[in-house]
Each structure stands twice: as structure tokens, then as C-alpha cells.
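Q: Here are the chains, one letter per residue:
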Amino acid sequence: MSQHVTERLAVDIGGTFVDAITFDRETRSVSVEKASTTPAEPESGVLESIDKIGTTLEDTEAFVHGTTLGLNAVLEREGATTGIITNEGFADVYEIGRTNVERDSMYDIRYQKPESLVARRRRVGVPGRLNADGEEVEPLDEEAVSEAASTLVEERGVDGIAICFLHSYRNPVHEQQAAEIVREAYPDVSVSISSAITREYREYERTSTAVMDAYIKPIFESYIENLDSALSEQGFDAPFFVTRSGGGTLTAESATDAPVHTILSGPAGGLIGASHVGRETGRENLITVDMGGTSLDACVIEDGTPAVKYDSRLEHQPLMIPVYDIRTIGAGGGSIAWLDGELLKVGPQSAGADPGPVAYGQGGTEPTVTDAAVALGYIDPADFLGGEMELDADGARDAIDEVLAEPLDSSVTDVSRGVFDVALANTVGAIREITIEKGLDPREFSMMAFGGAGPMFVPLLAREMGVDEVVVPEAPSVFSAMGMLMADVVYDFARTNIAALSDLELSDLESTFEDLDDEAIDTLTDEGFDEEGIDLEHTLEMRYLGQEHTVEVDANGIESTADVSDRFERKHEDRYGHAMDDPPEVVHQRVRAIGRNDKPPLERADPVDASPNPVDTRDAYCFAVDDRTTFDVYDRSDLRPGAAVDGPAVVREPTTTIVFHSDQTATVDEYGQLIIDGGEVDE
Amino acid sequence: MSNATDEIDAATVEVVRNYLTSAATEMQRTLIRTAYNTIIYEILDFGISLYDRDRNLIADSPGLALFLGANDYALEKVVEHVGEENMNPGDVILMNYPYWSSTHTLDVGVFAPIFREGPEVPREENELIGYAATRAHWLDLGAKDEGYVLDSTDVHQEGMIFPGTKVHKGGEPDEEILDLIRFNSRIPDKVLGDLNAQIAAIRTGKERLQELHGKYGGDTVERCIERIQDHGERTARDAVRDLPDGTWSAVDYADGTTGDGIRIEVEVTIDGEEFHVDFSGSSDQVDEPLNIPRGMTETVCKLCFKSLTTPEETSNAGQYAPLSLHAPEGNLFNASYPAPTFTIWTGIVSVDVVFKALAKAMPERIPASSGGDLNDVMLFGEDPDTGRQFVEANNDAVGWGATDEHDGANAIMHITETMVQNIPVEVFENKAPISFDELSLRQDSGGAGEQRGGLGLRRDFRIEHPVGALSIIQKTREPGWGIDGGEPGDKNGIVLDLHDDADERVDVLVDNTDLYDDDELWVGMFRGTFHEGELISNRTGGGGGYGDPYDRDPEAVREDVIDGYVSREAAREEYGVAITADGDIDREETDRLRSESGS
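Note that the protein sequences, when read in sequence, are chains A and B.
Here the first sequence stands for residues 1 to 683, numbered as in our numbering.
Here the second sequence stands for residues 684 to 1282, numbered as in our numbering.
Extracted from the complex, chain A is given alone in its bound form (with noise of 0.2 Å):
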């Protein structure tokens, strides 16, 4: 790489907008632009946005891309034709499933199962079986695996084929030869097998994510060749690194080959900037908010790290990759707010981009959350989105009153601020639930709000819950492709080793650990990264014999078999609320492994002493005096490190608005974040 070639390019596709963004690691410069998402032909909106911004593809180092193309294909079915080839006897486990349905769904006498990717007819049984100590008790039957995916392809017409055989978590020699015997015959159609995505037992949990895999892989390859012929063409050539959905990034070519890894990566960034920007500036423990058009996502990072988990699901599908624990909620800019007999309800259902919120004047006449703002006063109708968009305040109230305050027999305001009431609620019942299921309080976190409407409603949020402070970052609503440029390369390993602890030595574990450090360091430095530039983080997976559930215990630096048994009963301690008598036991050892970037810094700025001219006042609903009352309107351009501004006020950005109430304070802190705190609604 020749000397100029400093910059990094993180692009982000969303439901509306392509984000894409810059950061010279020379003049520390970011800069950042917009283009529209272009579902037909993903990679042109891409292109635009990188054409938008203007940077010289020749002279970056860097190019980080978040997409949602595997979680659309699956969202839209749209993905492959998909067979599945395993053991003879089990072709229906991935059917059969874990025969329970979701909550939803519990007293529904008609219930049906969600449409399957993979009818009965692609899913071929061969003998040949493995134990649960991974022993082989039948060898596998080639010749029947040749004559299945003959099946699968010449009659069934599958362009991809997932292969899951029992116990291949502890010794993946069937999946292998299987796959070499359908690689061998049929070059052109992918495969994927389970124990190459995932190394954790349950044969229907691991067979869905192999199948998922399978699923949208074809898809996502010739997406990537496609960006990547096209990115070559301008001059480009540097690693092109893929958003992953439990953190981090991996390379293109290692997410073409398990494109699975990618498909909930879509709230990824916003984490990433999340936790970086939290440890840089000292705040470990955040609440994240993502609050947007259709939904709001929270998620938990404590220690520096987001909440991640190894199980959750898709379309009702689970998939067996670590993914961040994000608990998502029908709480938007767009929900819509609607009357069930006398009760007002906010969401699920949101009005989306098309038509929108009344107030966009596209043909929306439900209420949502948006229009109870515009009535509330917090958005100025002339300065929407910098400007670009006119709103229509008074369709808004129109439909609040005629939808919602009629019928309840009450006003607009007072209804509007109900509306913002309900929405808080679930959202107060849904962090409450990400919190103490994990055995955390938390008011002893800060609260990060980002996506175009978190400023707004965040500090309330914190006011009802008693958090202290609200961290609102600069350039909120991109957030998320901020993050991306932050994103470290990250690879999980692990294995699944059920054993007594007692039954092990401590060289037992660390042989283990060591196989899986060799297999990471080799991954990263494939991919140029030096050992220097790589962490390595080990933990275990342990629970008491006999119970089913696990938790995860820090295994870095373990001295003794003693030590882990502390270090577990500790744990399930704080998660649980007791420790047992029971034996401990290992199931899974992991070993996530990564690859450090260098990234945008914070920068830093002496505080100045001056505090800010208000540009503006506007008449709007404060929630500490249950009035209306009169809030002075700030620039966020004009807000310097060190200022501070009494609410109630509005600040106001390009892309978004800060709300704040009169009980509550912002201080811009040496970074340039907002930082809202006071306010706590009365016990």
C-alpha cells in the first residue's frame, strides 16, 4: 500500500437510506452523505453513496459495509432453493422442530406453522451415526450421499444444500466427507454444513442455521462479486470487510463462505460506536436506545461489551450464531397510536416510511407517535430534516384529535402526551426485562440514544426510569455507519465439550483453548493482522449437571480447575440468585478472537466558557409541569464543550431533535456529546 492510502469507508445500507461515511486517518477527517436504498439492485445505491461522498476508492485502505440482503432474502423468500441432506431416521427434525410455539401464539387453537424453507421433499436421510462422545457407531454411506444429492439436485432442483449430522458439534468427520462427496459432483451448488457455522449441540437449532445458510448464499456471493467487480473497476483494492451480527467485522471472502454470520447485523454498528465511544469516554455501562422510523431496538453493554446471545431466532427460525441481544419493541417515529375500545394502544404496527406519520402529508391517517410530537411541539414543522421536508402540524392534530381525542372525549395535547405515556411504558417494561433478566439494575447505567427520534423521547425515557444521564452522540441518526468505521475484525470459535469439571484438569481446558487460539491467531493472520494487533478472549460455558441452562464465565487467566468452579459459582450467583450443591460442568469452550483496527478518535476539545444563545423559543409540552409551557430552541452547532443549557429546551440537528424538560440539564462534555441528566419522576 502506497503511503497516501489512509482512508477508511464505512457504507450502511437501511430501510430508506444508504449511509455512507469517511474517516482519513491522516487529517482525522469524517465526512458523511446519504443516497436512497435501492432494494431492486442493492449495490447501485452503494455506489451512489460512495460516489456522494467523493472519496477516491484508490486511496482507501478500508472499506467496511453493512447489509441486510441475507435478512431480506429470508424476510422476502427469496433465497435459494434449499435441501437438506443428514442422518437417515431424522429428516424431519428440522420439522419437527422444538414442537412448542411462541408466546403469541399460546392459545391459538388454529395456530400454523410458519411456511418451511425446505419442504420434505429435499431432505434426504443417509446412514451412518455418530454418538454423543462423537464416536463413529456406523460409518457414513457415501454411495447414499452421492444418491441424495443426486436427488436433491437432478429431481428436487437445489441450487444449495445445508448437511447437519447428529453429534457433528463434537467431530464433524461425516459433514466433511458428506460435503466433499456433493462439492465433488456438484461444483456449482453451495454448501453448507453445521458444524463449519456452529460447534454447540441441539440438532434442530444447529440444522436451521446451516439451512439459513445454505438459504442465502448464493444471493449474497454474487451481491458481493458484483460490489466488488464494481469497486475494483473505480481503483479499489484493500480488504472489503462484511458487518457481523454479533459484533465486529469479517472479511468478505470468510462471510461469502457462512454468509449466515452477516444476517442480523443490521443494528451491529450502532453497538459497535456504542461500546467504543462508552469506553473511550468512560461510561461502561450504557443502555443503548436505537429509536427509528418503525421500531425502537435497546440493547444492554456492560463492561464495554453489548449483550450478546447465542440463540436467537428468524422468521421463527432459530439460528446458532452469536448475534447482539437486542430487544426490539413496536415503540417508532411511526408506530401508530389506536383505540381498543377505550384503551389507547401504541404499535406494533407502524405506518413505515409509505405512507408515514400523518404529518408527512403522504396520505398517512393513523396517528403515530411522530404526530403526537408535532402536537406535543418538539418538531418543528418547517425544519424537518434540515429543511427538506415540510410537515403538516395541523393534519397531524386534525387525526389526533378525530382518531383518538374524540372518541376518549379529551384534547389533543393531553392525549398526545398519552400517547407518548403508553410508548414509554412498553419501552420502561422492555428494558426492564433486558435488565433484571440478566440480574442488573438499570438506573445504575447511562442511557445512549441515537436513530432519528431517539433524542427526542430518550430523556424521558431516563426521567421515568431513574437513569441518571442521557448520552446523545454527535450525528446520531448515522450513528449506526459511525459505528462501522469503530468495528474491530471478530471471529467466535468454540467447542462443545460436555464434561464433569471434576473430571478435568485445568491442561484439559487449556489444550482445548489453545486448539481454538491456533485456529483464531491462523484466521487473523491469514487476513494480515499481526499477533501484536489480536485478543483473544476465552469463555467457558458451564452449568450444574442436570440443568439444561448455561452461563458464561470469564476463563481469561483461569489457574485451576478450583479457580473456574469459583469463577462459575460467582456467576451463577449474580444471574441466578444462589449457587448450588450440585457438580459443575463444562459444555462449550469459546474463544472469540480480534482483530484491532485503528479507529476515528474522539476528538477532544477544551471546554470554552460561554454559554450558547437560544436561536429560537417554541410553545411545547413539558413533562415536568404537565403543561405546556415555553422552550428555548438551540443549534446543536452552536453547543462547544463546557456549555450548558437549562431545560425545557429543544436542540435542534440536521437529522434529528434533542428534547429535554424543565427538571432536566445538557452539558456538552469535551467531545461534543450531550449529556442530559436530572429529572426523576416522583416515587
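You may find that some hints are simply not true.
[Stated by the list, open to error] Result set (SDA-like, lysine to any residue): computed pairs, CA atoms no more than 25 Å apart in a straight line:
hint, chain 1, residue 1, chain 2, residue 2
1, A, LYS309, A, ALA196
2, A, LYS571, B, PRO1046
3, A, LYS113, B, PRO1046
4, B, LYS898, A, ALA196
5, B, LYS1114, A, ASP468
I should point out that these hints are in silico values taken from the structure, not numbers from a laboratory.
Chain B: place on chain A using the hints.
A: Positioned in the frame of chain A, the structure of chain B alone reads:
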């Protein structure tokens, strides 16, 4: 908002409703988080509820669908027995007397009155604002057998009884009561751990209700609750009014523990906004642990009623206002002392009988019968690798009934416990000395119909080391039913493949070989010790079909044959559709077959 004076605004009502619902959810998370036994935190064998001071249900969060409202009847009995005037802040009360608690002795109810202030404020200066209740399955409490009691003839063989006994008084644990529990259980540590988990869950509910009262004031909370109840009642009444009026009845038979059959008859009457269920025609109570206490009969009715009226809403008492039931004292569904009540499987079967009656009234709303059972196989013994005692139970799914609009779902857990998962093959093989030969859908097990019933499944347990095993299953002899010309699905059954010397080891309680003309040993309930190489093949029932099978679109039959849900033979015999070896429809032959039937 907090100082609202006259009319309560709609938003406050919704905020309070949401608060109560999430309080119940938090209680559930606390219980799962702190429970010691897998039956609670994996199988979700618990019920959780919050009440106002008049004992109206204001929120719940059941683990088993069948436990919705299961604490309602029990709370009434607790208050009756202890006396409201004797309840003090900080009290926690145990109750598991089956005729009051609704289920069996091992489902222990833990109840607490909630006062506005804690136990430091004496009752006279305090104010009762509600109750919190949990019930959860304990592993062992003074019953004659470990695990499940399958042959009790009176309740005193089934365990130790607390009739409404304070285990905490004024916030302090009563060590004497705890000792009683400790000395009456084979697994005291886990049992006491689970008791503490239930108390922790109750504390969560208590604190949340106190916070709510503190925040809005008792008056506002009460008026909101009133509005929530009114809304629930209005929604349910509107839904019942939409249903046809009339009286319909249905009969079915549970196996019993001998296979002789226990009559379950249900009569449902809908009259305007009222919904009444009568169990008078059912058998008298029996000398087998299959009797249903009155409280459980209420939950059977609530589950059926809810699925028709407010399936998507969390429960409150108002929603059940239109519902009433009758079961005479001493009836199978109103067991009286000392009738044994250890398994609730007749209650499971009765849910389908209620739907069977309703299907006569409103076939467009009700599916044909499901496989209709929980198909439980339990393994216990010593793990040869670790030397530890283990108990592993798995409930298997059944085919669901077809509806007027679609085929029944394949292999879904019975409606009474829809949230319960099966145990994965890989997990099971790691936990017990068995391996599975097969886990598959049973071809042709779904009842034929214009809409086809869902398929049941087959799970083959191969024993690898001597192990104890039993089954709890109650619907292996009577078939299910179709609707409007649809056929019933295959019955539930278990096939045992045993060595010649097995007679002394394996006690077949319900022998079904008379029902099948193959050479296999078909059984229902059994209990015994199994040896290496023997096989337990659990085969679950299919759902019933809907409409005449000859009206099924031949293309749909062809698709079913390609997918193997239906065999070519069955396509021909039951649907009158001829499918060639290449998977095409033989139109001519199909026309001939379908016209021959004369339908």
C-alpha cells in the same frame, strides 16, 4: 397525570395495564432465574398471578397454558382457610391441598397478601392492596413413590399436605415449617430452593404492585384496574355474543390406568353473553390418580374459553365473567376427599372434549381433534458414566386438527402446554444411556379430509443400559374425530420391543394389542425396568381431517404424496386420487375412483 381527579385518562389505564403485565412477566423471570429444578425452568410447569384486594385476577404469566387462572380458585380457598383478618404484612402462605389448590400435591401454591407498606408497618396502620400467587411443580414432598405416582388410591399416598400454612410470618421464615418440608422430602435442598424461588417471584410482584400504588395512588390504580376489568369483560362478552346460542355435548374416554376407559362428558351452553360448561355426565371420581379437582376444571374451561374470546390478550378476571361451570361434588371433575389426583391427564383430554362439543356449534371456528395427549415418556435410573441418579422426561407433540381453511399443523405440543419444548436428541443422548433410532413424522397419521389433519410423530428410544421407564398417556384407545366428513387421525400409542424375559420387569398397565392387527406390542401406560437393546417407540396421534377427503384438491394430495405425508396407497384409498409412480395424477383413474364412491 398522577394527580388525576375525575375521569382516568385512557393513557393512564394503558400504562397501569402494561405495568401489571410486565410485573407478572418479571415474576416469571424471577422464578425461572432462581428455580432449582428443571421441571420448573425447562418444562415451565408453573402458574403465576397477581390479584387486587378483592381477589380479581389483574395479571398473569403462566408457564403451561393450562395453568392460566389456576391460582384463582386456590386463592379463594386460602383466604377462606386462613381468614383475611389473619393475614399480615410479610406473610407467605403455602397451600397444596389438591381439592383447594387445583392440581396435585406436588404443585405447591405459594401465596402472599400485599400491603401498601412492608411488615414494619403493622396491619392496623397498613392497607391490603392485593395478592401475589405462584404455583410450581416440586420434585418431591412426602409421596410414596419417586417421580410420579401412577397407582394411588387415596390422596394420602400422594404426599404431604399444607392446607394454607404460613411459612413466613411478618417477614420472618418459620423454621419449624421449613423443617417439616426438609424432613418430608427425598430431595430437600432442591425443594427448599424452589420454595425460595417462588417466594422471590412473589416478592417481585409485591414490590411492583407497591410501587404502582406509590406512584399513582391507590384510588387511581383501583379505578384503572376497574377499567381494565371492564374492558376485559366487554371484549369477552362481545366475543360470546358473536357465537351461536344453543347447547351441545360431547363424550370421550380416557384410558384410565387399566384401559377400561373413564367417561368424560361435557355439555356446553351458550346463551347470549353467557357461556356455561357442565361436566355432570362425566364419570364419578375413580380410584385412580386421574381425578380432577374443581379448580383445575375451572382452568380447563378458562383455556377453552380464552382461545375463543381473547386469545391474544393477557388474562384478567373480567375476561372470564361470562364463564360458568357445573361439576357435581364427587364427579371426576370435582374430586372430593380422599380421591387421588396425582396426574392431570384426564384434564388434558377434557380440553379436547370441550372443543368437540363446540365444533358441533361452530365448525368454522374449531379445528378437528388434535392427537389429544401429552405422550410423556420418563426415564430414570443411574447414569452408568457418572453413577448419578437421573430423571429425564419428554413430552412429545401431536398432530393438530384441520380447520375449515387449512391443514392441521404437524407435530405441535398439545394446546394445554403449547410453550413447552421437546428435548433435543443430542441433549437426551448426552443425559441418559439411550440412543434414538428415529425421530420422524408418521406417514398417513393425519386424518383424511378436504383439509388434512396434522401428522403425529414417532420417536424410537433404544435402551443402552438398564434404565427405569414409565409413560403417562391417556388417549391411546379412543380415536379422535374429524369434522364435516373428515376422518380421525391415527391414535397415540407406544410400541415396546422387549426381550423374552421382560414380563417380570415391565408392567403394562394399558395393553392395546387388541386394537392392532400387527404383531407388535402396543401399549398405553407402562412402568418398568428396561434392558440394553430394548426399544420404546413413542407414536403420537394425528389430527382429525376437515371435510370429505374426496373433495380434497387432487393437486394437494399429489403434493402430500411427493412430500411423503400421505402414501400413494392412502391417496388412492382415502382420497380417491391415483398418483403414478412418477408422482403425476392419473386423472382418468382418479375420476373413476371418485365417482365410484358415489359421494
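Q: Taking the hints in turn, state whether each one holds.
A: Hints, one by one, checked against the model:
Straight-line distance between C-alpha atoms of LYS309 of chain A and ALA196 of chain A comes to about 19 Å, which keeps the hinted pair within the 25 Å bound. Taking the CA atoms of LYS571 of chain A and PRO1046 of chain B, the gap is near 53 Å; set against the 25 Å cutoff, the hint is violated. About 21 Å separates the Cα atoms of LYS113 of chain A and PRO1046 of chain B, which keeps this hinted pair within 25 Å; it holds. Taking the CA atoms of LYS898 of chain B and ALA196 of chain A, the gap is about 53 Å. The hint is violated against a cut of 25 Å.
As the CA atoms of LYS1114 of chain B and ASP468 of chain A are separated by approximately 47 Å, the hinted pair breaks the 25 Å bound.
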